[in-house]
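J.: These protein sequence lines map, in sequence, to chains A and B.
Mind the numbering: the first sequence is residues 2 to 112 in our numbering, read in order.
Mind the numbering: the second sequence is residues 540 to 655 in our numbering, read in order.
Worth double-checking, as some hints may not be accurate.
To be verified - Computed, partial: chain B to chain A, Cβ under 8 Å:
1. G579
2. Q580
3. P582
4. F584
5. L594
6. L630
7. G647
8. P648
Unchecked claim - Derived DSS-like pairs (lysine-lysine); straight-line CA-CA distance at most 27 Å:
9. K550(B) x K43(A)
10. K610(B) x K99(A)
11. K43(A) x K553(B)
12. K43(A) x K596(B)
13. K553(B) x K99(A)
14. K68(A) x K3(A)
No lab work stands behind these hints: they were computed from the structure.
All C-beta atoms, glycine included, are put in the ideal place defined by N, C-alpha and C.
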Amino acid sequence: QKEVEQNSGPLSVPEGAIASLNCTYSDRGSQSFFWYRQYSGKSPELIMSIYSNGDKEDGRFTAQLNKASQYVSLLIRDSQPSDSATYLCAFHNTGGFKTIFGAGTRLFVKA
Amino acid sequence: DTGVSQDPRHKITKRGQNVTFRCDPISEHNRLYWYRQTLGQGPEFLTYFQNEAQLEKSRLLSDRFSAERPKGSFSTLEIQRTEQGDSAMYLCASSPGSGASYNEQFFGPGTRLTVL
Chain A
2 QKEVEQNSGP
12 LSVPEGAIAS
22 LNCTYSDRGS
32 QSFFWYRQYS
42 GKSPELIMSI
52 YSNGDKEDGR
62 FTAQLNKASQ
72 YVSLLIRDSQ
82 PSDSATYLCA
92 FHNTGGFKTI
102 FGAGTRLFVK
112 A
Chain B
540 DTGVSQDPRH
550 KITKRGQNVT
560 FRCDPISEHN
570 RLYWYRQTLG
580 QGPEFLTYFQ
590 NEAQLEKSRL
600 LSDRFSAERP
610 KGSFSTLEIQ
620 RTEQGDSAMY
630 LCASSPGSGA
640 SYNEQFFGPG
650 TRLTVL
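Bound conformation, chain A alone (with noise of 0.2 Å):
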């Protein structure tokens, strides 16, 4: 089993749309959960991250957090073409300083 798993996509859709993007995680303590964007050719760039179940919002982003299953998901409202991108998962090993990311998954915003 993967230690996080996304689904690689292309998500693709159209402007104005919510955009939903999954990641499940194998590490049962972890604690600490980010979602990065990737823009082609450039490094990662922190969108959020989140420690706690439920939701957290922060203008057109919310990160969804469920400990129990293990999963953790980004919702973009009204998506923009500026947000195609590829969205990476991340999350920090238990009891370690260990960053783990998924492979991302390529979001295309058709305009």
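Given chain A, put chain B in place with the hints provided.
T.: For chain B alone, coordinates are given in the frame of chain A:
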């Protein structure tokens, strides 16, 4: 307020040569990470420093790789006897280590290594 910087941005070398990369973290960030990223993959953890102490190192890291962070400021990553499989983007990130966002990592632009 400057972000994480890395030098060089690109490096082309011949197989068997040694290379060294530098990372300057955001000032006052005491945590520093090195990652390697290849096409279509997420960043792969290499090593972690808290101040000058190297607290975690990937088992995937061979003896050819070494990293230092003297005085807890900038860090260097050296690859000895480079191989073609070392070709990748090498990313550095830093995080504050304290406060509400203590482990949120901010990435530098990366150093792209090509081994011929």
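J.: Among the hints numbered above, which are violated by the structure, and what are their numbers in rising order?
T.: 13
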